[in-house]
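Protein chains: 2
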Amino acid sequence: MKGIFLTALFCLGAFAVQAQSLHYASSPDKRIRLTVQTDAAGELTYALTFQNQAVIAPSSLGFVFSRPAVTLNRFAVVSVDSAKADETWKPVWGEVAQIRNQYTELAVRVADKAGSNVQMVVRFRVFNDGLGFRYEFPEQPHLKHFVVADENTQFRLTADHTTFWIPGDYDTNEYLYNTTKFSEIDPLPAAAKEKDIALQSLIGPDAVQSPLLMKTTNGLYISIFEAALLNYPVMHLRLDKARLTFRSQLVPDAVGNKAYLQTPAKTPWRTVLVSNKATDLLASKLILNLNEPSRIADPSWIKPQKFVGMWWEMHVGKADWPLASGKHGANTTNVKRYIDFAAQYGFDGVLVEGWNVGWEDWFGNWKEDVFDFVTPYPDYDIDALTAYAKQKGVRLIMHHETSGAVTNYERRMDDAYRYMVSKNINTVKTGYVGRIIPRGEHHDGQWMNKHYERVAEKAAQYKLMVASHESSRPTGLHRTYPNWLASEAARGSEFNNAPTLGINPEHTTILPFTRLLGGPMDFTPGLFRLRLNQFDSTRRQRVQTTLAKQLALFVTIYSPLQMAADLPENYLKYMDAFQFIRDVPVDWDDTQYIAAEPGDYVAVARRGKGSDDWFLGAITDENARVLPIPLTFLNTGDTYKATIYRDADNAGWDTNPEAYKIDKQRVTRKSVLNLKLTKGGGCAIRFKKVKSEK
Amino acid sequence: MKGIFLTALFCLGAFAVQAQSLHYASSPDKRIRLTVQTDAAGELTYALTFQNQAVIAPSSLGFVFSRPAVTLNRFAVVSVDSAKADETWKPVWGEVAQIRNQYTELAVRVADKAGSNVQMVVRFRVFNDGLGFRYEFPEQPHLKHFVVADENTQFRLTADHTTFWIPGDYDTNEYLYNTTKFSEIDPLPAAAKEKDIALQSLIGPDAVQSPLLMKTTNGLYISIFEAALLNYPVMHLRLDKARLTFRSQLVPDAVGNKAYLQTPAKTPWRTVLVSNKATDLLASKLILNLNEPSRIADPSWIKPQKFVGMWWEMHVGKADWPLASGKHGANTTNVKRYIDFAAQYGFDGVLVEGWNVGWEDWFGNWKEDVFDFVTPYPDYDIDALTAYAKQKGVRLIMHHETSGAVTNYERRMDDAYRYMVSKNINTVKTGYVGRIIPRGEHHDGQWMNKHYERVAEKAAQYKLMVASHESSRPTGLHRTYPNWLASEAARGSEFNNAPTLGINPEHTTILPFTRLLGGPMDFTPGLFRLRLNQFDSTRRQRVQTTLAKQLALFVTIYSPLQMAADLPENYLKYMDAFQFIRDVPVDWDDTQYIAAEPGDYVAVARRGKGSDDWFLGAITDENARVLPIPLTFLNTGDTYKATIYRDADNAGWDTNPEAYKIDKQRVTRKSVLNLKLTKGGGCAIRFKKVKSEK
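Top line first, the protein sequences correspond to chains A and B. Residue 601 in UniProt numbering sits at position 601 of the first sequence, and the numbers go up by one each step. Residue 212 in UniProt numbering sits at position 212 of the second sequence, and the numbers go up by one each step.
Because the hints were derived from the structure by calculation, they are not lab data. Just so it is clear, the structure is predicted and the values come from calculations on it, not from any experiment. Some hints could be false.
Copies of the same chain look alike in the list, so a pair counts if it works inside one copy or between any two.
The list that follows gives simulated cross-link-like pairs (lysine-lysine, DSSO-like), each with its CA atoms no further than 27 Å apart [what the hints assert, rightly or not]:
hint	residue 1	residue 2
1	144	195
2	327	144
3	266	84
4	277	215
5	277	423
6	392	303
7	277	573
8	241	181
9	458	423
10	676	113
11	277	327
12	609	90
13	390	113
14	195	277
15	193	688
16	689	664
17	303	423
18	573	676
19	609	303
20	266	458
Kindly generate the complete structure, drawing on both the sequences and the hints.
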């Protein structure tokens with residue numbers, strides 16, 4: 001946090017202990033106000049208002065440690081420090097060229113009143129768009145190593161809000177969202193409907209996941225989440241319906257503990273985003289601002305990328321991962337075809353899944369020594385392909401499916417990364433399908449979160465970029481590790497192929513309000529063949545979008561790593577529409593969220609990195625709608641040629657999904673486009689500045 | 001098993017299923033007879049006799065799998081194969097120059113009668129000194145990956161034998177032995193007395209450990225144990241007192257499963273040693289013979305070693321491991337002193353503990369990132385010491401204490417071993433003190449046993465030798481991995497410093513009948529200062545042996561890696577006795593057990609590798625005794641100069657432990673020495689062939 005401006009406003013003295021105390025902090029724009037207090041009994045609470053409306057009612061804070069055996073729920077305030085910060089920083093890549101980090105800070109140091117002598121600091125930061133706070137355990141005489149049994153952080157609501165939730169689960173976040181009143185949250189039946197999730201570890205009937213979005217009856221959007229999840233388990237949320245309260249539910253390890261910490265220690269930031277405008281929530285940089293600056297001194301080798309790959313054809317049944325399947329996709333000839341396609345149409349990379357020995361029994365056996373990550377199948381001539389790709393100006397992207405056997409991966413990571421470097425490969429897609437080894441650990445536990453960080457760190461040592469699948473959902477760590485380009489960590493496009501529920505039309509209108517707040521998603525959009533019976537006429541799976549919506553997803557789902565997921569032969573049928581995928585950037589200087597309502601629609605415009613051209617994506621849920629889009633984001637005085645990829649008038653995801661039209665027109669910032677989106681439809685627009693005019 | 005002679009004697013045909021069947025096999029010398037049968041219900045049992053005395057009554061065999069959910073306890077015999085073998089092989093190092101492997105084999109292929117279609121082979125080998133059998137799961141249509149919930153191998157006794165046992169424990173084998181009738185085995189009170197064991201994970205009131213020794217009222221010695229423990233948990237033993245039966249108790253993993261296997265799979269060998277002579281049991285090579293031949297093609301770099309080291313002075317309080325202790329032992333000056341001592345007196349190596357950063361909080365915190373194994377403390381100039389040792393013709397021995405954080409060690413092993421090689425170090429002492437990480441795993445579980453194997457394998461890749469401490473007890477794997485020189489894996493000499501029980505005088509007379517059957521022990525004998533108050537006059541700990549017994553342990557406890565454990569300054573006081581430690585070899589061409597009774601005494605003579613000289617060690621328990629030793633092991637016609645290091649007449653471990661005499665006399669094979677051993681005493685003899693005579 002170099003260059004940050006911190007002013008100590010007041011300090012009550014390090015050892016003045018107060019029995020009762022009351023402290024306030026306001027956001028720089030004064031709209032958000034935080035109250036922190038201890039009552040006579042010593043209960044420590046915080047509360048939050050937005051423009052004088054209660055957002056979080058007084059909610060208690062505390063911990064239970066299993067070693068030493070200490071319950072921290074009654075405190076005396078030792079000292080309170082306050083500060084302000086206002087800095088601007090430039091991400092290595094992102095939605096915008098620079099980010100302002102402006103907040104008011106309150107650091108409350110408290111001591112356990114029950115006799116343990118444990119002290120902790122609760123550090124609050126109030127931004128214009130919300131609150132972040134974390135627990136810090138400084139070095140102190142009576143606490144060194146400690147084991148967290150429970151973190152008791154409350155989020156008390158003020159009413160029975162509309163809630164966008166997925167079931168609480170220690171191992172997967174690949175659920176569809178449910179939209180109900182808080183009081184009607186019912187995770188187990190919702191989870192039972194999800195037949196296509198390979199591994200569920202449900203927490204119980206009273207648990208949901210964060211990031212959790214809520215909407216109040218008076219139009220406030222509230223998100224409960226966390227930032228900078230390092231060396232700690234994921235925070236899920238337990239409901240207390242009677243008290244309208246969420247409580248932190250940390251993910252346990254194999255023996256039921258939550259976290260093993262050593263002073264000085266700190267938790268991730270617990271966050272409450274709040275806004276009366278849905279688009280402001282989407283534009284929030286609070287999560288990123290609460291993360292530490294990049295640990296990669298020279299990020300010049302980190303490059304946003306667009307890629308194609310040997311992947312979707314396994315899902316749709318043309319090919320398969322195992323050699324023994326008899327239709328092994330990752331063979332030399334087939335991958336050459338992808339390299340040719342990537343080179344011809346300007347893609348950076350070609351992902352290849354199923355390249356390495358081990359797929360014959362990779363899943364479902366809790367087997368440890370599945371893959372070695374350095375042994376290609378005999379029909380995959382990796383050296384020839386490396387040379388061919390290099391000659392064509394394309395890079396192979398390596399796939400490291402761990403099968404959840406993470407101990408096996410960790411002991412082979414150095415060899416695997418050296419192997420990648422030797423093959424001129426600089427990006428790895430990691431996968432964690434199945435139950436974790438160490439057995440008893442969960443995808444979302446402390447041990448695994450440390451693993452994901454270890455991967456980012458070690459990959460950086462080898463100058464490798466990472467896209468992680470089946471990892472815990474991101475919490476802004478791409479600021480700290482910008483080589484960790486993206487994660488899946490939600491229901492991604494592969495679920496279009498899932499037989500039971502697939503991906504319903506609203507899913508991609510909720511993702512930006514939930515999962516995407518934490519960081520880029522390797523969603524893999526761009527499906528052009530929307531009935532998935534291409535290689536097997538009996539298959540009923542279909543993509544619940546139009547083709548135009550698939551284009552729009554390249555803009556609405558931000559990621560520096562975007563796959564054009566469909567098969568080359570499917571793109572070749574629609575080369576005019578494919579042009580949008582070729583043109584759309586993966587790195588941006590500016591982003592403006594234009595219109596959004598969770599579960600209904602999202603429209604966003606972005607300006608390419610170092611470019612005058614804007615791109616717009618607009619998507620809708622299962623309802624057709626017209627979105628009026630004022631083009632006020634365009635430069636004053638400039639004229640743009642808009643190429644509009646829209647749903648055909650007779651299109652609809654369920655009836656005629658592949659029907660689209662491409663319109664071209666000249667526009668200026670004074671223009672307003674009324675985008676007609678069909679059911680499950682969307683619209684993608686490229687605005688090319690017309691150089692000769694003006 | 002190259003060169004083995006296998007004859008198929010008969011084969012009943014692979015798919016002839018028998019409802020009831022009865023099969024026999026006898027040892028080559030016909031004294032031991034095995035009966036295997038299935039009854040009408042399909043129960044599969046084996047029974048064993050020795051010279052027509054029942055050793056194991058009919059005992060059932062079977063399994064429970066948790067995945068697939070199958071209980072295997074009713075079988076139909078599919079086929080029975082029989083064979084004989086007789087081969088001789090040469091160990092890389094050992095007690096003898098060559099080993100005969102002679103047995104009769106019976107392989108019974110059975111199919112589950114309950115409908116799972118699972119088949120398994122129980123392979124029995126009957127040797128002249130006992131039985132080995134294992135379960136094999138061949139590749140088959142209805143079983144590929146499977147999870148073992150329980151192995152139900154019974155050992156039904158024929159009477160209430162005297163039993164030498166330690167409490168069943170998943171994490172430690174460092175107990176003193178208890179000697180009771182089978183019916184009086186009572187593990188929990190015995191374990192409760194053991195205040196000095198850092199981590200106990202007791203199985204329960206009905207569980208003991210193997211190797212388990214028994215003695216019958218008619219003088220049979222019976223040992224229940226296992227061989228070739230690879231990819232499987234340790235087999236402990238559950239008691240059923242009513243039925244006079246032991247049943248296999250496998251060590252569970254973090255979620256309660258026992259083993260994850262994939263066909264073709266095999267368990268370790270379950271073994272029953274039986275003899276009417278105690279010395280024959282000690283001389284048995286059955287365990288080694290059941291292990292696979294060496295996997296190290298060129299073992300020329302593997303060298304038995306004698307060493308001294310920076311270790312005992314921490315135990316006795318002169319120094320400490322952590323730098324922050326203020327009396328850091330592993331500093332450059334101090335280690336130079338050990339190098340000088342080793343060089344002057346002909347030792348191969350100098351062990352250095354506490355050389356690396358991390359000891360300040362290494363124990364008791366279940367911390368994962370404790371040591372990195374490549375960062376010396378600043379006062380330890382490893383490069384200077386490497387150069388100094390090389391110049392003096394001595395090697396440093398590296399210590400890798402993992403603190404039980406095995407995931408951490410595994411991800412750093414390559415770097416650590418490369419570091420060792422770069423420092424001219426070729427031997428590592430590993431340590432696993434404390435609770436295991438992956439959390440929930442145990443020292444004796446499948447995951448850890450795979451780890452120990454992985455260490456042996458990887459160390460071999462770097463041409464490193466290993467002595468493992470706090471590992472599971474060995475099962476003859478030093479045949480397969482001869483670079484794995486020794487393990488601790490029992491109560492070793494460091495417990496002489498434990499305040500509560502220490503090491504009682506009988507302990508070392510039981511070890512050869514139990515723990516040492518599995519392989520060499522890094523016991524670290526050779527203590528000359530027997531009251532351990534040298535640096536703190538208030539300390540009450542004392543070694544419960546005489547000095548002469550400490551010398552004898554170099555012979556009675558076989559190991560290719562022997563430490564002279566005491567401080568140089570203590571050796572310098574008794575240089576005439578120290579001469580025996582200088583002279584005694586660590587590799588042998590011949591070994592003859594002369595007299596032994598578990599819990600009472602052991603006397604053994606060994607001839608040095610490529611030498612005519614013999615060495616004898618004789619030890620007793622808390623009782624003084626005279627052991628008549630006929631020197632029939634000496635060459636006919638040759639005369640030897642015997643240097644006899646014996647207890648002084650007024651010696652006694654509790655009264656005058658450091659009193660010894662050195663007698664010299666000429667002897668031939670016709671001589672008989674009557675060795676007078678005092679309470680806790682012993683005698684060590686070097687027989688040097690007198691070249692000029694004859």
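Now the hints, each set against the structure:
1. 144 with 195: between (45 Å within a copy, 25 Å between copies)
2. 327 with 144: between (56 Å within a copy, 23 Å between copies)
3. 266 with 84: within (20 Å within a copy, 66 Å between copies)
4. 277 with 215: Within one copy only: 11 Å inside a chain, 84 Å across chains, cut-off 27 Å.
5. 277 with 423: neither (48 Å within a copy, 64 Å between copies)
6. 392 with 303: within (18 Å within a copy, 54 Å between copies)
7. 277 with 573: neither (40 Å within a copy, 86 Å between copies)
8. 241 with 181: Classified as within; 11 Å inside a copy, 61 Å across copies.
9. 458 with 423: both (17 Å within a copy, 25 Å between copies)
10. 676 with 113: Neither: 62 Å inside a chain and 68 Å across chains, both beyond 27 Å.
11. 277 with 327: neither (51 Å within a copy, 64 Å between copies)
12. 609 with 90: within (13 Å within a copy, 71 Å between copies)
13. 390 with 113: neither (65 Å within a copy, 60 Å between copies)
14. 195 with 277: Result: close neither inside a copy nor across copies, 35 Å intra and 65 Å inter.
15. 193 with 688: Answer is neither; intra-copy 45 Å and inter-copy 83 Å both fail.
16. 689 with 664: within (13 Å within a copy, 106 Å between copies)
17. 303 with 423: within (18 Å within a copy, 40 Å between copies)
18. 573 with 676: For residue 573 and residue 676, the Cα distance is within 27 Å only inside one copy (24 Å; across copies 99 Å).
19. 609 with 303: within (12 Å within a copy, 64 Å between copies)
20. 266 with 458: within (23 Å within a copy, 37 Å between copies)
Violated hints for the displayed structure, listed by number in ascending order: 5, 7, 10, 11, 13, 14, 15.
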